Amino acid sequence: MADKKFEFTGKEVADAIKLACEKLDVPQERLDIEVLETGSSGIFGLIRKKAKISVTVKEEETDEVPVEPQVEAEPKKNFRKPESSKTGTKKAGGRGRSRGTEKAPATESVEKRDTVVPEEDIVPVSAESVALVQEVLVELLEKMEFPSTVEVFSEGIDVFCKITGEYEEYLTGQDGRTVDSIQYILRKIIAKKTPERIKLSVDVGNYRDEREEELKQKAVELAELVKDDGKTQVIPALNPSERRVVHMVLQDDKEIRSRSVGDGLFKKILIYKPGKSKADGRRKGFNKTRRGKGNRAGNSQG
Amino acid sequence: MEQLVTYIATSLVDSPDQVRTTTTEEDDTVTVELSVAQEDLGKVIGKQGRTARAMRSLLAATASKTDKKSRLDIVE
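Here the protein sequences come in this chain order: A and B. Numbering-wise (the numbering used here), the first sequence opens with residue 1 and increments by one. Numbering-wise (the numbering used here), the second sequence opens with residue 1 and increments by one.
Only chain A is shown next, with the shape it has when bound in the complex (with noise of 0.2 angstroms):
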């Protein structure tokens, strides 16, 4: 790598590395980031420090370094990233991404989480596979005593079932947890069963449809509410998709956000106005006071 090396200082490195993006002229996936000091706001603002970054342009690489070792997360100040403290929760920063490490390459950060499988591995799923899908799904159909109609097709690796006739509803269940709970057996079911990667849906009826309509509708209305009074409001309880079909719809809204919170597979969406209520949607123990100066004794403690 031919290198030139620079020193950016900032209240925490996250702001180092924001200048030095703007100094350089560089994204930041280009720049090779050494942290040679994490910035910390003390405690109770008392002993404050600030972070030292060494940064070094580098060329167009295409072969990306593979997956990183994953340290634990260790609560220790100079393992934090500085992502982490911009998400707030601990598991967002976590997962996928490097840590630990002195030198942290910012490439591998969103991209790499989603690009799971390379484009050449897409195999379409065989005639063979989606109808075991569609005699699976019928027989836990039976099983459950609740004889449908089945319709299994498939896209690429994609394979979406369709379960429609006289027991629709209980076959949805409250807030869709039934036809989740059918999606997510026979997804481990046909998993077992073949060696095929399938990204396997089920859908009740027009159930899917239909929640997906409910939800943008539920979270442009909440978005109005927010913007009229400026208070934080909260969807509770919802699975990926369903939130991922809320931060979608309120992603080019630039008068609000949205985020997740919360732990396991149902998190609560706070829909809140920038700026004022980000501290109410972070926990307390992650309240790092990264904005504003002076003593700010009295915040930490929440």
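Any given hint could turn out to be false.
Unchecked claim - Mimicking PhoX-like on lysine-lysine, the simulated pairs with C-alpha atoms at most 20 angstroms apart in a straight line are:
{"no.": "1", "chain 1": "A", "residue 1": "193", "chain 2": "B", "residue 2": "43"}
{"no.": "2", "chain 1": "A", "residue 1": "52", "chain 2": "A", "residue 2": "23"}
{"no.": "3", "chain 1": "A", "residue 1": "192", "chain 2": "B", "residue 2": "47"}
{"no.": "4", "chain 1": "B", "residue 1": "65", "chain 2": "A", "residue 2": "143"}
{"no.": "5", "chain 1": "B", "residue 1": "68", "chain 2": "A", "residue 2": "143"}
{"no.": "6", "chain 1": "B", "residue 1": "43", "chain 2": "A", "residue 2": "192"}
{"no.": "7", "chain 1": "A", "residue 1": "143", "chain 2": "B", "residue 2": "69"}
{"no.": "8", "chain 1": "B", "residue 1": "47", "chain 2": "A", "residue 2": "188"}
{"no.": "9", "chain 1": "A", "residue 1": "188", "chain 2": "B", "residue 2": "43"}
Please keep in mind that the hints were generated in silico from the structure rather than gathered at the bench. Predicted, not measured: the structure shown is a model, and the values here were computed from it.
With the hints as your guide, set chain B onto chain A.
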């Protein structure tokens, strides 16, 4: 309902021949006991109990058809 549990369990485990289920019914509650080979316990329980939870919700759906309650016990 026992059949349902048996079907799911045998489809998920490595030793389907060791899957045993028994059903007891008391008032309006149907209890299905499931036992599998020691090594397969994790498969029927799943990460964070997710598989077990999914099985329970399928059972609950079936039971609700006849206005009953259901229980799934996984026994060692």
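Structure-based check of all given hints:
1. A:193 with B:43: Distance ~14 angstroms between residue 193 of chain A and residue 43 of chain B Cα, so the pair holds.
2. A:52 with A:23: 15 angstroms, holds
3. A:192 with B:47: The given pair, whose Cα atoms are some 16 angstroms apart, holds under the 20 angstroms limit.
4. B:65 with A:143: Since the Cα atoms of residue 65 of chain B and residue 143 of chain A sit roughly 13 angstroms apart, the hinted pair holds (cutoff 20 angstroms).
5. B:68 with A:143: 17 angstroms, holds
6. B:43 with A:192: 11 angstroms, holds
7. A:143 with B:69: Roughly 17 angstroms between the alpha carbons, so the hint for residue 143 of chain A and residue 69 of chain B holds.
8. B:47 with A:188: This hinted pair holds, its Cα atoms lying about 12 angstroms apart.
9. A:188 with B:43: Judged against 20 angstroms, a Cα distance of about 10 angstroms means the pair holds.
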